[in-house]
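Quick note, the sequences are listed as chains A and B, same order.
Under my numbering, the residues of the first sequence are numbered 1 to 268, in order.
Under my numbering, the residues of the second sequence are numbered 1 to 570, in order.
In case anyone wonders, no lab produced these hints; they're calculated from the structure.
All of these numbers come straight from a predicted model, not from anything done at the bench.
Careful: at least some of the hints might be erroneous.
To be verified - Residues from chain B that face chain A, not an exhaustive set, calculated with beta carbons under 8 Å:
#, residue
1, Gly-386
2, His-493
3, Met-495
4, Gly-496
5, Val-557
Said to hold, decoys possible - Examples of chain A residues toward chain B, derived with CB under 8 Å:
#, residue
6, Val-55
7, Trp-185
8, Leu-203
For every residue, glycine included, the Cβ atom is placed at its ideal position computed from N, Cα and C.
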Amino acid sequence: MTYALFLGCKIPYRLPAYEASTRAVLGHLGVTLVDLAFNCCGYPARNVSRDAFVVAAARNLALAERAGLDLLTPCACCFGTLRHAIRFLGEDAELRAHVTRTLAAEGLVWSEKIEVEHLLAVLARKVGIDTVATAVRAPRAGLRVAAQYGCHALRPSDVTGMDNPMTPTLFETLIRATGATPVDWPRRLDCCGDPLHEANTGLSERMTRAKIADAVESGAEVLCTACPHCHLRFDAAQTGGRDPAIHTLLYTQLLGLALGLPEKTLGL
Amino acid sequence: MSPALFQTLLHASLALCVLGLLWRASAWFRLRIGPDARAATPWRRVLAVCHGVGAALFSRRVLRLPGALVLDVLLLRRLFASGKLRWLGHLLILAGFTLLLMMHALAPLVSARLFPGYQPTLVPYLFLRNLFGVMVLVGVALLLFGRWRAGLPSRPMGAVFVALLGLVLVSGFLLEAHKIASPRAFYRMAQQFVGAAGSAELKPLRAFWASEFGVAFNDLKGAIAPDLLARGRKLHGDACAACHTQPAAAFVSYPVARMLAPATGFLDAGGADTWLLYLHLCACFLGLASLPFTRLFHAVAAPISVLIDAAGPSSAMSAAGRASRRALALDACVRCGICDLDCSVAPLARYLGNPGLLPSYKLMSTGALAGGHQQRSGRKRDGLGGEALRAAEGAFLCTDCGRCTDRCPVALDLEDLWAAGRGDLAAAGLPAPAQWIKARPAFAWAEYLEASPGAHTSSEPGGAYALLSADSRLFSRCVQCQTCTNVCPVVAHSMGSAHGIDLTPQKVMNLLRLGLRDLTLGSRMVWDCATCYQCQENCPEGLRVADIMLELRALAVQRLGTVRGLKEPS
């Protein structure tokens, strides 16, 4: 099983532990990752120009297609953005023609041949929950974990195809596979607050704090993430000298620990 | 050139160089980049830098410096990582130029002291001088080739530097070649060292130098008699050999001398040895005097930047120290463009036609804004335009992916510089779109649009596909059930807040249904939307509410951008 690894802009510089643990876990489970010279997924450009965002996203899709590989991303926002671009390209022939011309200037082609997958979906459906569970050597028994899905991985479900948007179970199933206990928490499908941190810092921080408080109240010991935006936002909200209200852990780190991989390879 | 003139020019250019260096270096303490740099006076920054240097020298971090000096400064390790050809080119220039400077330009201070019997006309110095010169020329050629192949634009200051360097080297080679071939130089030296005035006595030496040293006597025709040559060899051995070995070792200048041979008489008559010397020396002096003001200044600033980086991250520095590091970055940057090649928003820069997104341009615009060289607000007569706006668009589309910082061969902390630059742009009235748009209420923006000249044109702003928000009939399905508003976390978390939202999502949809889109563009709801897609997922009528919010933002940036600089409508 081979994928082109799309790390996006946040992970390599801001959250290298996510890259390290993704490579370690997927490598351990027999998934081969190929690095391509990807650019920004287009997410920030969506605020400024619809066409520019689709062009940037389509260029990445075309790069993966040239390599003949499906694309795997550990970032929920990159995932959502790339899937959105596919939707826009599919529903508007004029846009499609425009993007095709733009890509052709670089000798690139996108012809819908490749899939865009989020890391969690690959683990749950392509690698398979059973394979993941069987590979666990050091189950995290008794650890109470709150799953943070990440809005852009989940919604809109007709674009992401990730899971049932109202009652998703994919992340919890993956947490259970590590031996840990998923916690039901009322705000689990809420936004982490990150996308509007620049536009409205106060509002963003209220949203982040509400989520953290809810996870703690629900008895979670660990807030488990699968998106660098959510993860960094929770971490940023908890710095300031005090002990964190709740520990954040990337799903790849949780799984890596359960697989018995050395902490160092997981960026811990 | 007379010694007095030489000394005068040397000291004048040296003085200009030193003064220029001081002036340029003082900018590292004067230039204020970033809001946190404004508080620190230049004097406080000098103290902060002294303190930082002292702290680094008396800590364990000092152990990292020798390695950085050898690997990063001398062997250009960071450049090696980004391209072998470029690294080789740069290393050839650095090594060739330094060695030429030491062995040739500073010969009285270096070569003559280290190597007794040093003469520029002896092997191996003849050979080495040519070798070093060729190293520099090949290095320059490799760098230019690399730039051309990567499609990087040439930059004026870089071109001045390359032209001066080329002039120094080419005039040096021509001067040496001409002196090899020149009968006039031969006679001058012969008069000084053989003392023979009559050409009869010099005849054997002439024959020998013509056959062995490549002097191009135009009155020497036909074969040379062996005994004449033998006598010449003896005379040469007595008078010349101490300082002269065969110039064929000058593997560039000698072939050039052979090529120039037919024209040597003409060049001699024109006093070529004098003006070539003037050209060579003046080019050197010009290079020296202009060093602080051409790209060559990076030779001073870049090693400092690399050593600062080796000593520790910017985040560990004081604000005053960071401010100085930012100002230094403007000088250490060589405009190599490696950052641009890897920039994660480079395709966006190409598509939007705005190079202001690219790191090398951002560095220049950040410096220009801080230095007051850019019109601060970018206001033009009819709305906003110009460089400042493009710079702002570039600054706020940057994804902070860190690739430029990671790849920078001179170890600039560009992440820190971009954050500081965004702060400066915001302070100059050019913040992120969410900020400048939210600075006015939605209805005020609608009034601006109403009053603007193009208000009632029906055409949509340039875009390749149909707008979701364009057709008000699309919204006839909206039954105003308020589900979108009820599931919106922004609405929920704004309750009781002083700066709450103005329109709920359902009201935005209603305005679109009524065809009043302009009233929504500046809405806080649109700009505070978390894009969590709860509204869209939950809409019973399948309206793409969040997609529409994002579309309205892009429309607002375009439409409101045209009326941004206008005075308030009366």
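List in ascending order the numbers of the hints, as given earlier, that are violated by the structure.
Structure breaks hints 1, 3, 4 and 7.
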